[in-house]
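Model the full assembly from the supplied sequences, consistent with the hints where possible.
First residue of the sequence shown: 348, per our numbering; consecutive thereafter.
Since the hints were derived computationally from the structure, they do not count as laboratory data. Be a bit skeptical, because a hint or two may be false.
Claimed, not checked - Across the chosen pairs, the derived CB separations fall in these ranges:
#1 L473 to R407: 18 to 28 Å
#2 S468 to T383: 19 to 29 Å
#3 H533 to S468: 36 to 46 Å
#4 A530 to E410: 23 to 33 Å
#5 T488 to A530: 13 to 23 Å
Please read these numbers as outputs of a predicted model, since none were measured by experiment. Heads up, the beta-carbon is just placed ideally off N, CA and C, and yes, glycines get one too.
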Amino acid sequence: YLPPSLTARLVAAPEAPCAWERRWLSVAFVDLVGFTALAERLEAEALAAVLDDYLAALARAAERCGGEVSKLLGDGVLVVFGAGAPGPEAGGSSRRDRALGAVAFCRSAPALLAALSETWSRRGELVDLSVRSGVASGYCTLGDRGGAGRLDFTLVGTPVNLASRLQGRAEPGGMLVDAATAALLHGAIRLGPPRTLDLRGLGPQRAHAVAAVAEPASGAPGNAPAADPVRAGRVDPGSPSAIVPAPACHT
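Okay, structure coming up:
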């Protein structure tokens, strides 16, 4: 019921409240496209099994990439990178590592969903779903919220809202990242050109799509298509090592 970082806090000091603290985080929001239509077609028991399979796979992928599930929001998942140790000096991750982990996690989601679709198909459940995601980075506030009767450990801040809004504007199967995340990713992955989106409650925001991996033209002499290590099965798509290096210069 609780993310690992919160469980560690409670074990260390079970009677102490989790005081508010400011921390730089990368926040990923992943949502299913087509779930509402699926819910109208599948029986409740089959729908629950599909959703449980999907959420469990995403939780494992998040852990592999250095993140943890903060909230389950219906068919949406909010994953936080950097909620454990504050930074490298305390044994935690750097800002760049958090951004890389968030993007690796989001990049793994379509492949995970495709693999699950095969499993569901073998059970006779024809599921046609896709995912879209948004990633934002910046300072958030973590801590207990509520009163004596009900407490909830939560995070608030612009990156949380921004990741959610970016997810809503991404194409099915695609991902949008904010300007701060794009700066942290520079030189690590290919990004689309910047574009300004007018996001509800946030105003104009610069965003980048995470570009598809470019392959050389198959007809060009000496330019055989580069093997995709993820598709070849040599790299776990949920691992940060699945990120494909970009050329030294890109926008």
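Cross-check of the supplied hints:
1. L473 to R407: 18 to 28 Å: Since L473 and R407 have Cβ atoms about 24 Å apart, the given range 18 to 28 Å holds.
2. S468 to T383: 19 to 29 Å: Since S468 and T383 have Cβ atoms about 21 Å apart, the given range 19 to 29 Å holds.
3. H533 to S468: 36 to 46 Å: This hint holds: roughly 40 Å between Cβ atoms.
4. A530 to E410: 23 to 33 Å: This hint holds: roughly 26 Å between Cβ atoms.
5. T488 to A530: 13 to 23 Å: Holds, since T488 and A530 (Cβ atoms, about 22 Å apart) stay within the stated range.
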